[in-house]
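J.: Listed below are the residues making up each chain.
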Amino acid sequence: MALAQLMLRRIWSRLAQSLVLLGIVSMVGFSLLHLTPGGPLSQFTDSPGMTQADIERIERQLGLDQPLPLQYLRWAGNLVVGDWGRSYRDDAPVLSVIAGRMGQTFKLMLAASLIAMTLGLLLGVFGALRQHGRFDRGATLATMVILSIPTFWFGLLVIYVFSQRLGWIPAGNAAPVGDSGWLVALHHLLGPAFVLGLVNTAVWSRYMRSAVLECLGQDYVRTARAKGVAPWRVVVRHVLRNAWLPMIALLGLELPSLLGGALVTETVFTWPGMGRLFYDSIANRDYPVILGMLTFSAILVILGNLLADLLYGLADPRLRRR
Amino acid sequence: MTTKDTTAPLLEIRDLAVHFPTPGGAVRAVNGVSYTLRAGETLGIVGESGSGKSVHVLALLGLLAARGGAGAIVSGSVRFEGQELIGRDEPALRALRGRRIGVVFQDPMSSLNPVLTVGEQIAEALTSHGLGRAAATRRALELLELVGIREPQRRARDYPHQFSGGMRQRVMIAIGIACEPKLLIADEPTTALDVTVQAQVLDLMRDLRKKLGMAMIWITHDMGVVAGIAETVQVMYGGRILERGPVRAVFHDTRNAYTLGLLQSLPGAAGAAHRSRLTSIPGQPPDMTRPPPGDPFAPRNRFATPRCFEEVPPLAQVPDGAPGHLVAAWYDLRAALAAEAAA
Amino acid sequence: MSATILQPALPGTGLLARFLRRRMAAAGAALVLLLVLACLLGPALLPFDPLRINMRARFLLPFSGPHWLGTDELGRDLLARVLSAGRYSLAIGCLAMLLSLLVGGTVGLVAGFYQGRIGAVLMRFVDGMLCFPSIFLLLTLAALTSPGIATTTLIIGLTAWMGVARLIQAEVRALCERDFVTAARALGLRDSRILLDELLPNIAAPLCVAATLIVARAILLESYVSYLGYGIQPPVASWGNMLQKAQQYFVSSPWLAILPGLMITLAVTGFNAIGDGLRDALDPRGTR
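Residue numbers (this note's numbering), protein chains in the order written: chain A, 228 to 549; chain B, 6 to 348; chain C, 40 to 327.
Worth flagging that the hints you see were computed from the coordinates, not collected in a lab.
Note that CB positions come from ideal geometry on N, CA and C, so glycine has one too.
A few of these clues could be false.
[What the hints assert, rightly or not] Computed footprint of chain A on chain B, listed as stretches where at least three residues anywhere in the stretch have a Cβ under 8 angstroms from a Cβ of chain A:
1. 94–106
2. 111–118
3. 127–139
Sequences are here, hints too, so could you generate the full structure?
T.: Here it is as structure tokens:
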């Protein structure tokens with residue numbers, strides 16, 4: 228009973244914090260687009276056929292002649308009720324345009340995360356168990372180099388070698404919708420998932436390594452060994468059970484860079500997800516979609532953090548006290 | 006208290022040394038420690054931090070690697086129940102740890118795993134040595150009751166942070182005695198506790214020792230605690246034993262200046278006999294990367310003779326003392342004190 | 040160098056020794072030094088102008104003539120281009136780092152020192168900025184401004200300062216609890232004096248670590264923005280925009296794309312290695 232109450236209060240306070248953050252984020256995103264030199268009208272001002280009168284008409288139509296705070300409030304109000312504006316490019320509602328791309332990005336991130344978590348866990352744990360050993364040195368060097376490779380260039384190399392030269396993977400794009408089934412889709416997923424997965428592996432293995440090292444030095448590990456617990460059991464039951472707790476919090480913190488990595492990978496592999504959408508709308512100066520994407524990605528990050536936080540509360544017995 | 010030496014000792018340590026190689030030079034934590042422990046005997050080892058008192062037991066249990074000391078160099082000989090421990094492989098040591106030798110560590114908060122229930126942690130000591138899961142869970146409840154925790158059925162499902170400091174230490178003790186070991190090593194088990202709880206834990210340990218008939222090594226920096234539980238006391242400093250003997254002899258016929266310093270810094274009645282006012286030992290413990298060439302305590306010792314600075318004094322029977330009362334000192338503390346009193 | 044290694048590490052003084060003892064860190068420092076020297080001196084020493092077009096010498100293979108690393112699609116010498124591009128990429132990386140240290144450091148110092156309302160507002164703003172994937176922010180800014188060297192530096196610096204602010208704020212907060220700051224306040228020292236004379240020197244170490252890691256990130260970001268065409272504009276070469284053109288000829292002349300990418304990787308690896316080494320050397324528990 229009391230437990231449920233505490234959890235509820237925790238959820239409420241986190242929710243309130245997230246809402247404050249959301250307010251800040253929306254203001255930053257909004258002003259960013261309105262205060263930069265080009266501004267939301269740049270798409271129209273740049274086209275040669277437009278007269279001054281045309282531009283003023285559009286300005287009035289879009290409400291861009293009103294004071295900025297007023298514009299923000301109207302935009303934010305619409306945001307809450309789900310009206311995110313319409314894409315300049317194909318006049319579709321921004322939210323449905325984004326929603327249409329979301330699935331592909333999640334698919335890619337899920338596949339990459341599966342690779343990254345498995346490999347990262349193994350590399351991090353085995354590196355930490357033999358700290359400064361040959362494997363550890365090799366893994367440390369490898370992760371540092373991977374984190375130093377430009378992701379887009381790495382993607383280009385993968386395309387060149389595995390697609391152009393060896394023909395193992397298709398050059399890009401998710402499988403055409405409704406076509407040849409999941410096997411083809413998976414085949415298309417291989418390249419981008421491999422690239423994004425490897426980059427994320429480097430991130431996770433570093434975190435995992437230091438988390439495991441931290442836990443190995445703890446007194447309770449010594450206690451477990453003094454009890455005569457088998458070495459593998461010490462690692463699984465005592466070290467990993469504690470080491471994965473900070474990983475949950477880190478998942479929340481790393482979410483923005485994970486999303487960023489997905490964007491880069493999508494542009495290289497022309498994967499039709501949110502990243503590709505963002506890139507295209509920037510090329511087209513599709514202002515409502517850009518703003519929508521900025522806001523959407525920030526909301527995703529805030530939600531992810533909220534989720535990570537609540538998960539942490541559930542996983543750590545010290546936080547769910549009776 | 007039996008004084009017959011006819012049975013083979015339970016634990017026999019010869020010339021145990023532990024060095025940690027570091028970039029700044031080897032840290033000589035333990036430098037040739039030798040002693041024996043009979044079955045059922047309780048030995049109190051006293052010293053400041055850095056005296057080697059904790060490190061030498063971790064070394065004999067093969068537990069130094071856990072503290073990042075993968076490179077610790079251990080030499081000498083440790084025989085437990087007639088078997089050599091130094092150089093034994095990990096599986097052999099593991100079979101011994103927790104089953105024949107139990108350990109109770111100092112800080113029960115950090116020494117218990119925060120994400121496992123207390124019941125799980127006690128049961129694990131048993132399942133690791135072949136007991137089935139169900140039986141281990143049942144035995145864990147008995148152990149909790151044995152160490153004086155009420156409602157064991159309910160408390161076994163709690164996590165360490167839900168216990169008070171004293172109760173946590175009782176859980177640690179339950180883990181240490183789970184397999185009814187022949188030897189229990191208690192590394193400063195009462196240091197983190199306040200005085201009343203300390204007394205309760207001491208009572209519990211005395212009681213358990215009687216019930217289980219095990220030998221005990223009680224490591225502490227507090228001479229007062231030793232007086233309350235041990236038969237034999239051994240004073241360590243700079244990785245060496247400076248004095249050792251029956252508690253009565255060491256307390257009332259003190260032969261080493263460091264032991265005297267420890268007794269003088271003791272508050273209350275136990276210390277009163279040794280001083281006119283509460284004193285602490287002046288100076289700093291030695292830098293163990295460059296230990297002094299002679300008696301490690303010489304730089305802080307007002308009775309030190311020139312020889313103390315050059316040559317390590319051997320640990321030898323006090324000529325006119327109680328049997329088994331050993332001291333390592335070039336000076337004669339009794340004579341020196343008498344001379345001081347006369348002056 | 041070997042003399043320093045053999046000396047025992049005394050606390051405080053052994054920082055350089057501890058840093059150099061890490062082989063990876065020392066190698067990173069050497070790599071960065073080598074790259075910087077090559078990019079500074081190289082273009083002057085080479086007989087080829089990185090901008091001179093020679094349509095009769097297009098797509099020459101590496102190691103096959105007077106052009107050591109071959110030529111690109113317009114017959115320009117690749118080695119000369121890669122080295123002169125390095126000047127821009129490295130300079131932008133360093134300038135963006137300075138900018139983000141300046142902004143992030145100021146925000147962090149102020150937010151950590153004035154922990155009341157000012158600090159809270161500033162840090163919420165930082166939290167908000169950190170919710171955006173930095174590449175999203177960067178691309179938005181890049182697309183909305185006119186591309187060029189100055190704007191590229193500016194926008195990279197302005198999207199990378201939040202981490203610095205968080206770090207410095209935490210450090211300053213911890214320092215403010217310590218006695219010497221209380222003492223300085225009790226002595227009636229002006230806030231600006233305490234901030235600059237007492238606090239800044241004490242956060243120099245974590246600042247250095249952050250600085251090297253930001254240079255690494257800034258070089259990566261510049262290359263990506265320029266690769267997409269929103270950064271450094273041709274004919275000026277940067278490692279990123281060299282890749283943009285090279286992509287078109289990837290199948291026929293892969294080395295055009297491999298070389299600039301390799302340079303980016305080397306430079307970024309070097310800076311990352313320095314940053315990691317510094318951090319480990321500063322970490323008192325990290326002494327192995």
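J.: It remains to establish, for every hint, whether it holds in the given structure.
T.: Hints and how they fare:
Coverage of the region 94–106 of chain B by chain A holds [criterion: at least 3 residues with CB-CB distance below 8 angstroms; count 7]. Under a criterion of three residues with beta carbons nearer than 8 angstroms to beta carbons of chain A, the stated coverage of the region 111–118 of chain B is upheld, 5 such residues being counted. Coverage of the region 127–139 of chain B by chain A holds [criterion: at least 3 residues with CB-CB distance below 8 angstroms; count 4].
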